[in-house]
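> Since chain A is already given, all that's left is putting chain B on it; use the hints.
Sequence lines, in order, name chains A and B.
Numbering-wise, the working numbering puts 188 at position 188 of the first sequence, and it's gapless, one number per residue.
Offset between the second sequence (1-based) and the working numbering: plus 324.
All the given hints hold, so there is nothing to weed out.
Looking from chain B toward chain A, a few residues come up when the C-beta cut is under 7 Å (computed):
hint, residue
1, 656
2, 664
3, 669
4, 673
5, 675
6, 685
7, 687
Have a look at the derived ranges for each label pair, beta carbon to beta carbon:
hint, chain 1, residue 1, chain 2, residue 2, range
8, A, 129, B, 773, 54 to 64 Å
9, A, 19, B, 594, 50 to 60 Å
10, A, 22, B, 343, 38 to 48 Å
11, B, 469, A, 262, 32 to 42 Å
Lysine to any residue pairs mimicking SDA-like chemistry, simulated, CA-CA at most 20 Å apart:
hint, chain 1, residue 1, chain 2, residue 2
12, A, 185, B, 719
13, B, 408, B, 483
14, B, 517, B, 456
15, A, 186, B, 720
16, A, 164, A, 38
17, B, 698, A, 182
18, A, 186, B, 688
19, B, 688, B, 651
I should point out that these hints are in silico values taken from the structure, not numbers from a laboratory.
Every residue, glycine too, gets a C-beta built ideally from N, C-alpha and C.
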Amino acid sequence: MNGKIKGINSNILPAVSRLGILFIIIIMGCIIDPSFLSLRNIGNNLANASILIILGVGETVAIITNGPDLSAGSIMTMGGVVTAILMKNYDVHFVLAILAGLLVGCLLGALNGYMIAYVKIPAFISTYGLQWAVFGFAYIILEGYVLYSFDETFRFIGNGWIFKYISMTTVCMLVIVVAGTLLLKKTTFGRKCYSVGSNATQAAMSGIDSRRVVMKAFIFSGFMSAAAGVLYVARMNSVQSDIGSAYLLNVLAAVYMGGTSASGGEGGIPGTIIGALAMTMVSNCMNLLAVPSELRDAVIDILIILTVLLDTIVRKRMMSRKVG
Amino acid sequence: MQEIKNKKLVDMRHITKIFPGVKALDDVSFDLESGEVHVLMGENGAGKSTLMKVLAGAYTPDGGELFINDEKITQFDPVSMKNKGVGIIYQEFNLVPYLNVAENIFIDHMPKKGLLLNKKEMHRKASELLKDMKMKVDTHVLAGEIPVAQQQMVEVAKALTNDIKILIMDEPTAALSGVEIDQLFEIIRSLKKRGIGIIYISHRMQEIPVIGDRITIMRDGQYIATENVKNISNDQIVRLMVGRKLGDLYQRSEHTVGKPALKVEHLTSKRAGLQDVSMKVRSGEIVGLAGLVGAGRTELMRAVFHIDPYDSGKVIVKGEEIRQKATVRNMIDKGVSLIPEDRKQQGLSLILSVSQNIVMASLKKISTGGWLQKKKEREIVEKYIKELNISTPSPEQKANNLSGGNQQKVVLAKWLCTEADIIIFDEPTRGIDVGAKKEVYSFMDNLAKEGKAIVMISSEMPEIIGMSDRIYVMRDRKIVKELRGNDVTQEMILSYALEGARMEGENDKN
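Okay, chain A solo, but in the shape it has when bound (with noise of 0.2 Å):
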């Protein structure tokens, strides 16, 4: 009986002290500002952090799987900037023109797949090399100008609002959310990712092929950066060739701070989730507080670490409780 509590306390524990820090986040801001919990501030909240949770949703395929996919914030780039020049310089319908930008970033992705799972690139070597690869392509086939004000409704999806306070950007996350979610946890696809990721020589074992999982896993986390830079595009109404450069630790710190394993095989999106919320609510509190630019990196360091080091004592204190 007393192991019952122990069974759900060992999974849900680790969530529990991660929405603590959100929740304490939260607070903070209101003392900050009273209209910290404003429809419109939450509003725009959301929305702002609505890349970084689709860039997460991807990235957070990848590293259960495999590794970190540090070519998120270049494929990004690349699908904003295809989609683009296409609307701009060849006159593409926005439909036809995202579809192409999100194709990019599944090919892109599949190089990144194939270099990994089939040459046996580790993933950090091979996904940051193509992530220069990637960002220098896309300074030269915009030939190092900024496109901008593009077609209105396609700035819809990105800089539109509906219910007045929720944003369309935000809207296609809970879209991508919902999806991703789903993929993990409620097809076999999403079951042999954590299979591969956990325990790669077991998954052989049971009859995976972890090849096919891992390309695919890549190629999922491609799509989803690619469709971080289409929304970019639309929300912001213009691009250039270093959009993508500023996210790529930010993804991966909110990844990290949702509680999926740098190890691979443990973690989810929900998680994910509340990673990129903590992480943007903070900017904003510096916003409101008018932190200068060179603190706040510091103290979204000081936060990454904080989360860790919770997570990390949260973990020890059930292990010690564990029965041998």
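The following block gives chain B in isolation, referenced to the frame of chain A:
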């Protein structure tokens, strides 16, 4: 020479070592004199390695006393044991393949000149050492690039750089051929002359009279006997090694043997070293695969299960020939299961839940069109938890939080869940206690009664004899003998499994 020979280098008295649930060493006494080769023999799991790890400082004993050079040892750690003159050469080599021979020999105390390494001095000393051993090896060659036999010699040289008085060799000839063995023995003899005492662990019976002075036999963590090598025959040694009575642990009920379910014909794999292996298992039959560690049993079954590739030969499942390029998935779909020995590495994902682990090899069964049917999953998982009596607070519990015996049951459940007709067990009872063993046996018996074909790889002779309808004995990556009937004895199996103990095993291979 007489006076150094009588000096006692090592005196282990009543050593006891307890691991959770197992008494690995139970009141074992052992001694070693200078200038002698003391052979240590016993079946796999008899406690030889544990005893040697105590002497090398890797384990601290829970009871008993250890004297080295009449000095009582109180602190057990590898460094202080090394300083006392204990050297050990493990069965698996510890050379760094990317460093050259000289660097490997002096790995833990490379000669220095000021702050820098004195490479010239190092190579000079190393080649001197090797020359003393009558070895011709260029000390600048990378250790990974020299033949296995020479690597073994480098290991010996490495041990000699520390001023050792006691050298433990764990199956030093396992990877060597005839001439190389003679070379090694030559070195051992010269070490003896220098007054070094050698503890020699080996499964090769024919080596014992050639190199050994005394022999100690262990069984089930206990000391059995010490004899002068001249006064003991191979048959006596084998009898002392097994000498156990079969309890009623093993119960086989009435069962009917049907058609061949799995046939292996002339399977050959260069990579795994398998040579022209043929065997078959019929439905309702339990077939034991006996042999020593390294005989190629696991490798054979991995090739049959298509985890590792093979070069030629046929695998036939229920009359259907399997493509050579088939995958593990194909084999599972055809109704074959392989329950691996190493549950933590190969059998389970420890950080995943009991439920996720149980259905891992049968995802198709619990899904439609790629979507998991949670209800179906829960039903199946609960069925197996009940059937196998797995003690877990909930199906969502992480496998990591279960005891070893229960983890083993989760692995069993995972492979029963695929509803295979042919089940291969690799060391199904290793590391679990007697109670759990009995459960596994009655389980296997039930499966055979249901008409499943079962292959059991096991190094435990009583288990092989008690459970099997037929027994294949493997040695050196070949099946050397098929045994059947009620009068199979442990001595018979062991004599075929040990090289050279009985030669007719070579000729009447089935």
